[in-house]
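Asker: The UniProt record's numbering puts the first residue of the sequence shown at 1, with every later residue one more than the last.
Just so you know, the hints here were simulated from the structure itself, not pulled from any lab data. All values derive from a computational prediction rather than experimental measurement. The C-beta atom is built at its ideal place from N, Cα and C for all residues, glycine as well. Please note that the accuracy of each hint is not assured.
[To be verified] Okay, derived cross-link-like pairs now, SDA-like style, lysine to any residue, Cα gap no bigger than 20 Å in a straight line:
{"id": "1", "residue 1": "K48", "residue 2": "G38"}
{"id": "2", "residue 1": "K48", "residue 2": "A59"}
{"id": "3", "residue 1": "K48", "residue 2": "M37"}
{"id": "4", "residue 1": "K48", "residue 2": "E32"}
{"id": "5", "residue 1": "K48", "residue 2": "L60"}
{"id": "6", "residue 1": "K48", "residue 2": "A36"}
[Unchecked claim] Across the chosen pairs, the derived CB separations fall in these ranges:
{"id": "7", "residue 1": "A3", "residue 2": "R46", "range": "34 to 42 Å"}
{"id": "8", "residue 1": "G38", "residue 2": "A12", "range": "22 to 30 Å"}
{"id": "9", "residue 1": "V34", "residue 2": "D67", "range": "39 to 47 Å"}
{"id": "10", "residue 1": "R70", "residue 2": "M40", "range": "33 to 41 Å"}
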Amino acid sequence: MSAVPDEIMIAAIALVAGLSLAIPVRLVGLRETVSAMGAMLAALNRRKFTLLLFGVIGALAGLWRFDQVRALFFGWFF
1 MSAVPDEIMI
11 AAIALVAGLS
21 LAIPVRLVGL
31 RETVSAMGAM
41 LAALNRRKFT
51 LLLFGVIGAL
61 AGLWRFDQVR
71 ALFFGWFF
């Protein structure tokens, strides 16, 4: 488990998400950033099932960290 409190992790993720959009807009402009995002979304649209699979695996791995979820799983099946 991480020693960093959850509130700090949420703030850090929000900061990184904000900067990941703000820096390209500042460097290359809004129109170019929006067109690049559109191209990226079009490329990702062709791989919906793969992205969904990665998302489900990531969510399950994130849930596995919680002791209550592990105890519930092992209580049901073992």
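Asker: Run every hint past the structure and note whether it holds.
Answerer: To see whether the hints hold, each was checked on the structure:
{"no.": "1", "hint": "K48 - G38", "verdict": "holds, 15 Å"}
{"no.": "2", "hint": "K48 - A59", "verdict": "holds, 16 Å"}
{"no.": "3", "hint": "K48 - M37", "verdict": "holds, 16 Å"}
{"no.": "4", "hint": "K48 - E32", "verdict": "violated, 24 Å"}
{"no.": "5", "hint": "K48 - L60", "verdict": "holds, 18 Å"}
{"no.": "6", "hint": "K48 - A36", "verdict": "holds, 19 Å"}
{"no.": "7", "hint": "A3 - R46: 34 to 42 Å", "verdict": "holds, 40 Å"}
{"no.": "8", "hint": "G38 - A12: 22 to 30 Å", "verdict": "holds, 28 Å"}
{"no.": "9", "hint": "V34 - D67: 39 to 47 Å", "verdict": "holds, 43 Å"}
{"no.": "10", "hint": "R70 - M40: 33 to 41 Å", "verdict": "holds, 36 Å"}
Violation of the numbered hints given earlier is confined to hint 4; every other hint is satisfied by the structure.
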